[in-house]
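Protein chains in written order, with my numbering: chain X, 1 to 357; chain W, 1 to 239.
Any given hint could be a false lead.
As the list claims (entries may be wrong) - Quick list of in silico lysine to aspartate or glutamate cross-link-like pairs, DMTMM-like style, CA-CA up to 20 Å:
#1 X:K325 <-> X:E211
#2 X:K346 <-> W:E134
#3 X:K130 <-> W:D180
Rather than coming from a laboratory, the hints here were simulated on the basis of the structure.
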Amino acid sequence: MKPEGKKRIWSEYQKDIADDKFYFVRSCIRQTFFPGSDTTFLKILREVLGKDVYENPDHTTCTGIGYHTEVVPFPTIQTVVARNFALMREKGYVNYTPSCVTSFGIYTEILETWHHFPEEKEKTRGYLKKATGREFEEPENLAHTSDVLYKFRNEIAAKAKYKLINKHTGKPLKVVDHIGCHYAKMFPSKGVGGAEYPQVLAGLVEAFGGEVIDYPERRHCCGFGFRQYFVQANRGYSISASKKKFESMEPFQPDFIITNCPGCNYFMDRWQYALGEMEGKTYGQNGEGIPVLTYEEVAGLVLGFDPWEMGMQMHQTDVEPLLRKMGVEYDPDKKYKGPNGEDLGKPMSPRFVKENA
Amino acid sequence: MGKLFDRLNSDVRFVEGINGCINCGTCTAICPAAEVYDYEPRTIANLVQMRDDNVIEELLKSDTIWYCGECMSCKTRCPRNNAPGLLIQALRGLSIETGLFVESEKGRQQLSLKRMLGNSILETGYCVHFDHTELSMFPELGPVWQWVRDNREKVLAKVGANYNGLGPGAMRKISKENLDELEKIFEVTGGMEWFEKIESDSARKAAEMGLEKGDATDKKSEYFTHVYKHNNAEKHRRK
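Using the sequences plus the hints, can you model the full thing?
Printed below as a string of structure tokens:
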């Protein structure tokens, strides 16, 4: 019997995610601003779930940010991507797992381009051979790292030390999920749940006991806009988009925001600080900001990992209000210490967004 | 040179991006750029399907094609499966190829992007590198980032990164052999020529504007600073 209605629609947006033997590739933004999240992903996959994850130090940027700022032309990025695919096959892996949503969009777009325009693929094959002597094959499976954690959400939940429950009220924490635009807006069938009803983060939050907020601007872009952020003259575009989202989510009093895109995490974290400095406005409770977490950090907290070893002290918007709500056991004095407990001083406090209110 | 429309139509992204726009305006309703700029993706789709070279040339010289953020929200909801964002990518590419990008304020920003991102790709193997994230360029990075930068070796080691180290890991140093392959790809595929085109057309424009351009790595020259910071807010504001 054919599935009907919502079941049929939902079945169209289930994606195939590899089960093991992942070929992991880094993100320029993720590794720079949230490097502990990469560490956490690898720790969960290898140590908690016992999976094989390989990282080849020879891979480079996909050049996606350059492509989306028109600094890198299309034939060039196709060839860089082909080189990264070639490196994977040379190591005997077939499941390509990028940690960047821009990259995930790039890989998806290029695979679709090669499918619809085989001459582009042949041209790329020639360029790669001429430039590097290498040959490539497409991956058998392409999944973003958030897809992978989504796939194993129930296994992670089964080993959880904490839940996304407010320990003072016993109620589920209220969570805003924000999906990077390039995860599924271009190719909805390539994301879990598609572009309109993405499940990749909502499924994770619900598996860990939290409650997802459905607010009006849930699908609006964070405002990165590539050139609209990198060029200082254009940054009004970027901060305006985030502000629109904060104002829309504020009445629902979210306990935290979870994102699956390195850029979105950066912007939703930093623009709260900038809006505080510019307008004296804060969006969290008690004059605090709304903590903005990566999906790796959320899974790591649930598993009982140390927040400072996951790099959560690198966020501008303080995460401690959330740690206290979850009842996480952590040492606030270690927040700004070095790896051997050495004193590294403290960052200056922002003028408006409160810390530890 | 060929007709401008034919050149646009030779870009597969252009072919994919337009299937006959019915002017419904859904893309404009959802567009983040349309909220802050005098910009409508619907108009872009409508204009290019006229196939008129004069109209296309005006677009290539305009600020309009540089307002889009390439978020591709327009693609999701178009009932005809058009993607104005892809049309924008093809138009911007042609604007650079024809050198017309320097005729608009927003197009001229291309020089700063090439020097920040393009140079970084070839020098480090990353679009964005930790060492290039100065608060003077990006003040919103905030005081916590300043603390991270001041204590980079220890903070990054604590969170498991391999900052400028050999082997795998976050922020690892990409070897010379790999950077050489990347550069060769740029040479073979036209990426290097693209960089040179941005530099040389910008040099011509800088001379015309009486601004010192600096060498291809200069991020402090008069022209770089001007295109990076100058914003004619009255002109670009949504009317």
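Now for the hints, and whether the structure bears them out:
1. X:K325 <-> X:E211: Between K325 of chain X and E211 of chain X the Cα gap is close to 14 Å, so the pair holds against 20 Å.
2. X:K346 <-> W:E134: 19 Å, holds
3. X:K130 <-> W:D180: The hint holds at about 13 Å.
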